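Engineer: One letter stands for each residue in the lines below.
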Amino acid sequence: MTEATSARALKPWEDPNAKPFLQIRNVTKKFGAFTAVNDVSLDIYQGELFCLLGGSGCGKSTLLRMLAGFEMPTSGQILIDGEDMSGVPPHKRDTNMMFQSYALFPHMSVEKNIAYGLKRDGVPRAEIATRVTEMLSLVQLDGLAARKPHQLSGGQRQRVALARSLIKRPKLLMLDEPLGALDKKLREETQRELIKIQETLGVTFVVVTHDQEEAMTLSSRLGVMTAGQIVQIGTPHDVYEYPNTRFVADFIGSVNIFEGKIAEDADDHVVIHSGDTDSDILVSHGISGVKGQSVAVALRPEKIAIERALPESLANRLAATVDDVSYMGNLSVFHVTLPTGKQVKVSQTNRRRSDDDAIRAGEAVQIGWDGAASVVVTA
Amino acid sequence: MGRRGKRRGDGMTPRALLEWVGAKGRAFVVAAPLAWLTLFFLLPFVVLAKISLSESAIARPPYLPIWEWAEGVLNVSLNFGNYLFLAEDPLYLMAYLGSLKIAAAATVITLLIGYPMAYVIARAPQHRRNILLMLVVLPFWTSFLLRVYAWIGILKGNGVINNVLMSMGVIDEPLVLLQTDFAVYLGIVYSYLPFMILPLYATLVKLDEALLEASADLGARPFVTFLNVTLPLSVPGIIAGSLLVFIPAVGEFVIPALLGGPDTLMIGSVLWNEFFSNRDWPVASAVAIVMLVVLVMPIAILQRTQSGKEEAN
Numbered sequence: 014m015t016e017a018t019s020a021r022a023l024k025p026w027e028d029p030n031a032k033p034f035l036q037i038r039n040v041t042k043k044f045g046a047f048t049a050v051n052d053v054s055l056d057i058y059q060g061e062l063f064c065l066l067g068g069s070g071c072g073k074s075t076l077l078r079m080l081a082g083f084e085m086p087t088s089g090q091i092l093i094d095g096e097d098m099s100g101v102p103p104h105k106r107d108t109n110m111m112f113q114s115y116a117l118f119p120h121m122s123v124e125k126n127i128a129y130g131l132k133r134d135g136v137p138r139a140e141i142a143t144r145v146t147e148m149l150s151l152v153q154l155d156g157l158a159a160r161k162p163h164q165l166s167g168g169q170r171q172r173v174a175l176a177r178s179l180i181k182r183p184k185l186l187m188l189d190e191p192l193g194a195l196d197k198k199l200r201e202e203t204q205r206e207l208i209k210i211q212e213t214l215g216v217t218f219v220v221v222t223h224d225q226e227e228a229m230t231l232s233s234r235l236g237v238m239t240a241g242q243i244v245q246i247g248t249p250h251d252v253y254e255y256p257n258t259r260f261v262a263d264f265i266g267s268v269n270i271f272e273g274k275i276a277e278d279a280d281d282h283v284v285i286h287s288g289d290t291d292s293d294i295l296v297s298h299g300i301s302g303v304k305g306q307s308v309a310v311a312l313r314p315e316k317i318a319i320e321r322a323l324p325e326s327l328a329n330r331l332a333a334t335v336d337d338v339s340y341m342g343n344l345s346v347f348h349v350t351l352p353t354g355k356q357v358k359v360s361q362t363n364r365r366r367s368d369d370d371a372i373r374a375g376e377a378v379q380i381g382w383d384g385a386a387s388v389v390v391t392a
Numbered sequence: 388m389g390r391r392g393k394r395r396g397d398g399m400t401p402r403a404l405l406e407w408v409g410a411k412g413r414a415f416v417v418a419a420p421l422a423w424l425t426l427f428f429l430l431p432f433v434v435l436a437k438i439s440l441s442e443s444a445i446a447r448p449p450y451l452p453i454w455e456w457a458e459g460v461l462n463v464s465l466n467f468g469n470y471l472f473l474a475e476d477p478l479y480l481m482a483y484l485g486s487l488k489i490a491a492a493a494t495v496i497t498l499l500i501g502y503p504m505a506y507v508i509a510r511a512p513q514h515r516r517n518i519l520l521m522l523v524v525l526p527f528w529t530s531f532l533l534r535v536y537a538w539i540g541i542l543k544g545n546g547v548i549n550n551v552l553m554s555m556g557v558i559d560e561p562l563v564l565l566q567t568d569f570a571v572y573l574g575i576v577y578s579y580l581p582f583m584i585l586p587l588y589a590t591l592v593k594l595d596e597a598l599l600e601a602s603a604d605l606g607a608r609p610f611v612t613f614l615n616v617t618l619p620l621s622v623p624g625i626i627a628g629s630l631l632v633f634i635p636a637v638g639e640f641v642i643p644a645l646l647g648g649p650d651t652l653m654i655g656s657v658l659w660n661e662f663f664s665n666r667d668w669p670v671a672s673a674v675a676i677v678m679l680v681v682l683v684m685p686i687a688i689l690q691r692t693q694s695g696k697e698e699a700n
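These protein sequences, in sequence, are chains A and B. Using this note's numbering, read the first sequence as starting at 14 and increasing by one per residue. Using this note's numbering, read the second sequence as starting at 388 and increasing by one per residue.
Since no wrong hints were added, every one of them can be taken at face value.
Lysine to aspartate or glutamate pairs mimicking EDC-like chemistry, simulated, CA-CA at most 20 angstroms apart:
| id | chain 1 | residue 1 | chain 2 | residue 2 |
| --- | --- | --- | --- | --- |
| 1 | A | Lys32 | A | Glu96 |
| 2 | A | Lys161 | B | Asp595 |
| 3 | A | Lys125 | B | Glu600 |
| 4 | A | Lys105 | B | Glu596 |
Here are a few chain A residues that sit away from chain B, every Cβ distance over 12 angstroms (derived from the structure):
| id | residue |
| --- | --- |
| 5 | Glu27 |
| 6 | Pro29 |
| 7 | Gln36 |
| 8 | Thr41 |
| 9 | Lys197 |
| 10 | Arg259 |
| 11 | Ser267 |
| 12 | Ile270 |
| 13 | Asp291 |
| 14 | Lys304 |
| 15 | Glu325 |
| 16 | Gly342 |
To list a few chain B residues with every Cβ distance to chain A over 10 angstroms, as calculated:
| id | residue |
| --- | --- |
| 17 | Pro449 |
| 18 | Ala537 |
| 19 | Met684 |
Because the hints were derived from the structure by calculation, they are not lab data. Bear in mind the structure is a predicted one, so any value in this text is a computation, not a measurement. Here a beta-carbon is modelled for each residue, glycine too, at the ideal position from N, C-alpha and C.
Whole structure, please, built from the sequences with the hints as guidance.
Structural biologist: The structure is reproduced here in structure tokens:
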């Protein structure tokens, strides 16, 4: 456990000497004329919980299926623990997969399902029994060994599938939308359990998901995929706070995008002239751009302050009118319109149970943010 | 009843009539096959059962009635002698066993040939599946009888096979293929293969590909996956297909009559002989009833175990 935790703290991807456990090198997969995965390169390190995040049809599942050996790359190479996987069929790989549909064998009991992989390897019966019992308690399914899959709830089936894929102690475990079929409450619970199990066993996890919240919660690092390519790889924090494209900024969380051109480019700040706002936008960090270049300022709703009057010290201040306020329980989302007609989303934590002085729809307000709150994306 | 129904229909608008039929739709759907079975199965069965309990006679019809009104008294005379006769003459037992043996062996052969075919069709790409299925059903476009006759042309002494083999110099004398048990097996397997393939295909095509992938992922070679996943999950198809072949094969008459030899002893031929050569309708009826019981018993047992299994699940 300490090993995995420390691995997470150490960030092996920042260590130039660290040897990646899984190497995906320029992998392309074509189905006829359609390119599902387009020249993807990716290194994943021992003990990571890596999420491949993307919308449907972005190629994330195809990439996972290539890791498992169900599909072979059209070109490129996949190395697991330094071993080239080209032409190695699924049953000869030390990897296991948890399927989106769980793919539990309907004619076998929970116990037989979990034991299946060990039986194929000819593990002695007594050892199988012990390991199955261990696994059952790890996924908290004690006492359900004799049940058939159709006698279980969705959450229980998910655990059986997880246990079945973990029992062979694979070097690499792939999970295809592992929590997709669970309701929200159970999902959150299971997410935390999944992380705990992953840290306990120290197995490298590659998770495919379309749910950005899930990817944020689970992953040590994540890769955002679209149209067969990985557009950004980083820790959840990096990807959220420093998106490198409009697509990533928009895909992960919600964002306000101000289109504009670089008006002033200094080492410690840039000024961007945007048609979306009356005044220029100040960004208090340097970017690699040239004056006059078209860029976009990406700004998260929760990083914007909204008041009837904001202090003048704030770097960016804009007048706005509140269109409507959505009460979400934990926070309120304000949809405001700038004098230019640009609509902006602002969110605020609801600190009080009731606030008579709360800003209401129709009011004239000021919105503002610090120079460090926004990020400039060039692509 | 009919008149009332008619009057009701007359008084109704077409829409209301449709609604009435719709509401009673369930009843109609159930009633149609029920009426069919009663008319063409249950009634003939009762008639047959009645004849099997009467005595043979040179008359028209060639048996005595089992009940008679004589001077205001109903005389019922049931004759179980026909059944006793079946038990006494080893010919019948041999014929039953022969039929069961040939049907069972032919079913196994059909399964062994049909399973791979059904598997390939089920795993073929969608657009090719329908063509392959069509090819399986294609022989039905020709009469069954004609197809069996065609085998005579192929198997006989100066038939296709012998001619080809002799002209190639493989054999000097024609092989005896026709009028053998081999020809009977060939005829049954050939004729009933589609009945095996179709239910097998139906179960195999539903098989979730992810299960096979999961099995491979857990370390099973393709053949091991087949034994542990595909085969057990296709058992319903195997049972359905086997029954569809076995049951008609037991009572088969045309194939052994046309392709079989004098040694081929099957209950269908015995039945035919009793009815038409010996004109002993009561014995023939008894043969038919026993055959039915012999066939119904295993099916009933099978159904019970099946439904018991489903309940347990």
